[in-house]
Structures are given as C-alpha cells and as structure tokens.
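Can you build the whole structure from these sequences, using the hints too?
Protein chains: 2
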Amino acid sequence: MKTKEPADWREARRRSAHDTIIDVAWSLVSEEGLAGLTLRDLARRAGITAPTVYAYFNSKNAIYDAMFGRAATEFALTMAQPYECDDPRDQLVAIANRFSQFCTSSPTRYQLLFQRTLPDFEPSPESFAPAILALEGVRELLVVYGISEARHADIWTALIVGLVDQQISNDPGGDRWTRLIEESVDMFITHSQPNRGSRKHDSRPAQTKGIST
Amino acid sequence: MKTKEPADWREARRRSAHDTIIDVAWSLVSEEGLAGLTLRDLARRAGITAPTVYAYFNSKNAIYDAMFGRAATEFALTMAQPYECDDPRDQLVAIANRFSQFCTSSPTRYQLLFQRTLPDFEPSPESFAPAILALEGVRELLVVYGISEARHADIWTALIVGLVDQQISNDPGGDRWTRLIEESVDMFITHSQPNRGSRKHDSRPAQTKGIST
DNA sequence: GTCTATAGCTGGATAGAC
DNA sequence: GTCTATCCAGCTATAGAC
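So the sequences go chain by chain: X and P. For the first sequence, counting from 1, position 56 maps to 56 in the working numbering; every step adds exactly one. For the second sequence, counting from 1, position 53 maps to 53 in the working numbering; every step adds exactly one.
Because the hints were derived from the structure by calculation, they are not lab data. From a predicted model like this one, the values you see are computed outputs, not experimental measurements.
Each pair may be met inside one copy or between any two copies, as identical chains are not told apart.
Pairs of lysine to any residue, SDA-like flavour, derived with a Cα cap of 25 Å:
1. Lys60 with Ser169
2. Lys60 with Glu31
3. Lys60 with Arg116
4. Lys60 with Asp23
5. Lys60 with Glu74
6. Lys60 with Thr38
7. Lys60 with Ile22
8. Lys60 with Gly36
9. Lys60 with Ala35
10. Lys60 with Thr117
11. Lys60 with Ala46
12. Lys60 with Leu37
13. Lys60 with Thr73
14. Lys60 with Tyr110
15. Lys60 with Asp120
16. Lys60 with Glu32
17. Lys60 with Pro119
18. Lys60 with Pro125
19. Lys60 with Leu118
Set out below in structure tokens:
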C-alpha cells in the first residue's frame, strides 16, 4: 500500500464517493430487490454515468461485495453494542430482539447477508470477516449465559432465525412472529437449563406492546 | 372447455409433453438455481426449440407457475400421507421430519414454494391452492395433537422452518440441524402442554443415528 | 474521473413457412 | 406443433476523447 501522506485527503474523497455509490445501491435494492440492481439505474441515481461506476468498482459483483461488507459491519456493530441487563434471561431476549430488529428492518440486507440467493456471487473473505466475528461474538455470549452445548446453540439459532424468517416471509411489516420472541426464549431457556428459572408466561394472547422492541 | 370425447388421447399426449417440459425445468433449476432458468436451455434439454415452448406455455412465468403447482401438489401429497404412530408426540416428530425431508431433499423446491425470492413472479391461485390446503391440514393436525393456540402454532412453524432453513443454508447435505428435530419437538411440547410429558433427553451430544430420518 | 459511444452478449418473445 | 429466422430490449463492460 502506498502510504504517502500528502494525498491523504484525496483518498478520503475517493472513499466518500465510493461510499455514496453503495448508499445509492442500498436504496435501490430496497426498492427493486437484490437482483434488480442495474448499473444504469445505480449511476443515474448517483448522478453519474454507468462507465464512471467502473472508476470505483471493477465489476458488478464488486459492488455486491461492498454492499455485503457494509452490511456485515453494521451487523457486527449492532450485535456488539453493550447490553444493559443484569438478568441473563433478559440478556438473551435482548440479543434475540436486536437480531430480529436488525433483520426485519431491512429484509433485503437480511437476504444478502444470510440467505445465499444471488447467483454467481460469493462474498470475499474480507467482506465476510466482520460477520463471522459478530456471529462468534454472539455464540460467546450464549456460552456466558449458560448455553455451552453446541446442540443447544444450534437450536437457539434455528429458533431465532425461524421467527425472523417467518416474520419477513409471511407478515412483512407486522409483528406476528417477532412478538413471540420473549416466549420463545423462555421456552428455550427452560429446555436448555431447567435448573435456572425462566419467566412465567400467561396464556392470554397479547402482552403489553412496545417493550424492548 | 371442449369436452369432445374422440380427441381425448390427444389431450393426454399434450399433457404429457407439458409435464415433460416441467420435468426438464426442475432438473435444470436444481443445477443452475431458480433464477438461472432460460427458455433456450430448457428447450435444448427437452429436445425442442425455444419457440416450441410457447406452444405449451404463454410466458416464462407460466412455466414457473406450473413448477410451483407441481411442487405444491407434491407437498400436499407428502404431508397428507397417513401417519402410523399412536403417540401424539411421535406424530409431531413424524410431521416435522416429513416436512424437513421434503424441504431438504430439494432446496430449490423449498425456495420456490416457501421463500418469495423470484422477482415479478406470483403463483396463481390455482397453483397456490394445494399448498394452502396442505398447510391447513397440518395446522388441523396440530390442533388434534393439542396445539390449539395460534401463538403456539406460530412458534411451531418458526421452530421447524428455522431448523430446515439453517440446515439448507449452513450445512447442505448434512444433518447438523435436522438431527435436532426430536429434541426441538420435545422442547416445544414441554412448553405448549406442560401437563403432557415429552420424552426425556440426556445431555450427551449424539443420539443413535438413522432413527426415523 | 468523467464523459459519449458502442461493443458484445443474452434473454424473452414473435413472424411466418412447413 | 415444430421449425428457422429474427426482433427487440436489457444488461455488463470497454474504448477512447477530454
């Protein structure tokens, strides 16, 4: 890498143009779908022409890769933010809620990050790295809160992913499944550590809404 | 509809050509991915030319629709097959295993049927109908086996779908998540009907493999 | 770095002869 | 119903002037 000092601001400027394009790309795919991204649209919305995009990215997949990288970083930052709960159970609920919030707030991002649906696209190791780290971080948290067995960690991820997936697929914008997170976490805790108590759940349909969503 | 009797075999012949094309289409997408289907490939593999496809289908989406319809029918047939268990718990396990088997045996079919990932494609009501019926059938079974609350049914679907989804996404061809079905079902039963007993699970990692998979 | 112009390709779909 | 030939639209990507 050239680390000449004088032209540093130039690099910064280039970086910001780079980032702007990715901004626009994200706003585009959130409207048209992941596969609906075209360089023409992207350029037009960014106020440049299609060939100019190639001044910043070598290919369309390089754009997807940068989008993936940003999403992975956002994911890492989101999940690593400190949790201000004392109770382990509340902590697990908070983790699940945060994950769910992250996914449902941008289904397209969820699709790019966690579902492999784009043909001919594989994220580069560099873009992938932050996501790996974040997932490992979550797993470590699980261990801290008593879920040490791999089997249980797998059930945990399946459970949370299942809630998110059903929410996005079958009730987009709603909360039919996300509102079941607390109850599901309690179910999981009761199963994985029967000694520790999980909170009781009454059988009435609705809980006070808006708590820690 | 013309219901002239004499040319009935002609209709049958046409139907079989129709079906053959869908056969080929399925074998193609299972290799190239759902979005990778092209009329040229399809025609070549079917031993005809691209325009001839239009003798049977009005558009590419009509092909997707027919594929969806077949998948939905297969799903309905699979799930409606009689369950030969006495124990309700075993029955739930059997349902989950059957669903899981259906999905993991053809991830592409799962993708078309349950995830909305194809842009500009919506299944027609006719193609959709069998899937709806099958899902209602499953839900009725759940009620029969004691899962009557809507909340619990939603948790059930999330749990099973989550296991399948993780299996397909993160361990295709393996059984890292599908082997957790029994344990997950027991967790669910314990939660949804604490009075009825679910089978015990020891904490050792592996269970005897190959049982009712 | 940004443009205009365009290459080069692939895809869905149609026309019309047989 | 099946073909050949072809249209037309859309895309990614490159060439080359400025």
